[in-house]
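Once you have looked at the hints, place chain B on chain A.
Which chain is which? The protein sequence lines are A and B, in order. Quick note, the first sequence lines up with residues 517 to 632 if you use the working numbering. Quick note, the second sequence lines up with residues 150 to 262 if you use the working numbering.
The set of hints was computed from the structure by calculation and includes no laboratory data. If you're wondering where the values come from, they're calculated on a predicted model, not measured in any experiment. Some hints here could point you the wrong way.
What the hints assert, rightly or not - Some chain A residues well away from chain B (every beta-carbon gap over 10 Å; in silico):
no., residue
1, LYS527
2, GLU572
3, LEU629
4, VAL631
What the hints assert, rightly or not - Taking lysine-lysine pairs in the DSBU-like style, the calculated list, with each CA pair at most 30 Å apart, reads:
no., chain 1, residue 1, chain 2, residue 2
5, B, LYS198, B, LYS261
6, B, LYS205, B, LYS217
7, A, LYS530, A, LYS573
8, A, LYS573, B, LYS201
9, B, LYS198, A, LYS573
10, B, LYS226, B, LYS209
As the list claims (entries may be wrong) - The following residues of chain A were derived to be distant from chain B, with all beta-carbon distances above 10 Å:
no., residue
11, ILE528
12, ARG531
13, GLN533
14, THR536
15, ASP540
16, GLU544
17, GLY558
18, ASN567
19, LEU577
20, ARG580
21, SER589
22, GLU594
23, GLY601
24, LEU630
Every residue gets a Cβ at the ideal spot worked out from N, C-alpha and C, and that includes glycine.
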Amino acid sequence: DTGVSQDPRHKITKRGQNVTFRCDPISEHNRLYWYRQTLGQGPEFLTYFQNEAQLEKSRLLSDRFSAERPKGSFSTLEIQRTEQGDSAMYLCASTPADRVDQETQYFGPGTRLLVL
Amino acid sequence: GNSVTQMEGPVTLSEEAFLTINCTYTATGYPSLFWYVQYPGEGLQLLLKATKADDKGSNKGFEATYRKETTSFHLEKGSVQVSDSAVYFCALRINNAGNMLTFGGGTRLMVKP
Chain A
517 DTGVSQDPRH KITKRGQNVT FRCDPISEHN RLYWYRQTLG QGPEFLTYFQ NEAQLEKSRL
577 LSDRFSAERP KGSFSTLEIQ RTEQGDSAMY LCASTPADRV DQETQYFGPG TRLLVL
Chain B
150 GNSVTQMEGP VTLSEEAFLT INCTYTATGY PSLFWYVQYP GEGLQLLLKA TKADDKGSNK
210 GFEATYRKET TSFHLEKGSV QVSDSAVYFC ALRINNAGNM LTFGGGTRLM VKP
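Here chain A stands alone, though its shape is the one from the complex (with noise of 0.2 Å):
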């Protein structure tokens, strides 16, 4: 399966610690998103990288959040100092090079957080 990947699937933490999640994205796409879904509510955009390049970064959180993406493959969100508000679900998505299919946003299955 060459879909999008996540790790790890879930995280429970206490307050106040720090968490790393780990998006692969599929193979030789240049786009990959982060998006924070809480329950029953639809996924929120937060950031996203071309290639190494944060281009938006604006709709992060709150300065605990932050993003990488160095070799333009890869790519983790950390939180900071976690709180209870924090617990969601964190999606990510990559989307191919090619520009006609840039329109698909593909979505790894999630990386769930608890925080205690």
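Only chain B this time, still in chain A's reference frame:
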């Protein structure tokens, strides 16, 4: 700003019933419109899309028509199956604006045999 409003669920239907899930949007530019589906325990999957007014997207018996005059993109299926039970999300994307999706809140569909 951009926003998507969907009818609240859950929607409960019997097998072979007709399905409509309403979706309306507001957008600052000219959007492309999408329906995504999330089956239990799985990730979001694109169901169908439409990129300009009056386009009809279709897939797996589902259809939705891009109505610019009513800013709507309602999802329909003539005969639902138990396997269609899932959460459905309407979404928009503003062309030439980063490609990020704006989602509605989702509508849970439950189909009973």
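Right, here's what the structure says about each hint:
With a closest Cβ-Cβ approach of about 17 Å to chain B, A:LYS527 is found to remain outside the 10 Å limit, as its non-interface label requires. Not every C-beta of chain B lies more than 10 Å from that of A:GLU572, the closest at about 5 Å, which undercuts listing it as non-interface. Under the 10 Å C-beta cut-off, the non-interface status given to A:LEU629 relative to chain B holds; the minimum distance is some 16 Å. No beta-carbon of chain B comes within 10 Å of the beta-carbon of A:VAL631; the shortest separation is about 22 Å.
At roughly 27 Å between alpha-carbon atoms, B:LYS198 and B:LYS261 fall within 30 Å of each other, so this suggested pair holds. The hinted pair formed by B:LYS205 and B:LYS217 meets the criterion: a straight-line CA distance of about 12 Å does not exceed 30 Å. Among the hinted pairs, A:LYS530 with A:LYS573 is consistent with the structure: their alpha-carbon atoms are about 26 Å apart, no more than 30 Å. Taking the CA atoms of A:LYS573 and B:LYS201, the gap is about 28 Å. The hint holds against a cut of 30 Å.
Distance restraint check for B:LYS198 and A:LYS573: the Cα-Cα separation of roughly 26 Å lies within the 30 Å cut-off, and the hinted pair is therefore satisfied. About 9 Å separates the Cα atoms of B:LYS226 and B:LYS209, which keeps this hinted pair within 30 Å; it holds. No Cβ of chain B comes within 10 Å of the Cβ of A:ILE528; the nearest lies about 18 Å off, and the non-interface call holds. With a closest Cβ-Cβ approach of about 27 Å to chain B, A:ARG531 is found to remain outside the 10 Å limit, as its non-interface label requires.
Against chain B, the non-interface label of A:GLN533 holds: every CB pair exceeds 10 Å, the least being about 26 Å. Look at A:THR536: its CB is around 20 Å from the nearest CB on chain B, clear of 10 Å, so calling it non-interface holds up. Annotated as non-interface, A:ASP540 keeps its C-beta farther than 10 Å from every C-beta of chain B; the closest such distance is 13 Å. Its beta-carbon lying about 16 Å from the closest one in chain B, A:GLU544 satisfies the requirement of being farther than 10 Å from that chain.
With a closest Cβ-Cβ approach of about 3 Å to chain B, A:GLY558 is found to fall inside the 10 Å limit, against its non-interface label. Even its closest Cβ contact with chain B, about 14 Å, leaves A:ASN567 beyond 10 Å, as expected for a residue assigned away from the interface. Distance check for A:LEU577 against chain B: the nearest CB is about 15 Å away, which clears 10 Å, and the non-interface claim stands. Against chain B, the non-interface label of A:ARG580 holds: every CB pair exceeds 10 Å, the least being about 21 Å.
No Cβ of chain B approaches the Cβ of A:SER589 within 10 Å, the least distance being about 19 Å, so the stated non-interface status holds. Consistency note on A:GLU594: stated as away from chain B, and its beta-carbon is indeed over 10 Å from all of that chain's, at 20 Å minimum. The Cβ of A:GLY601 sits about 18 Å from the closest Cβ of chain B, beyond the 10 Å cut-off, so the non-interface label holds. The claim that A:LEU630 lies off the interface holds: its Cβ sits roughly 17 Å from the closest Cβ of chain B, which is beyond the 10 Å cut-off.
Going down the numbered hints, you'll see the structure goes against 2 and 17, while the others check out.
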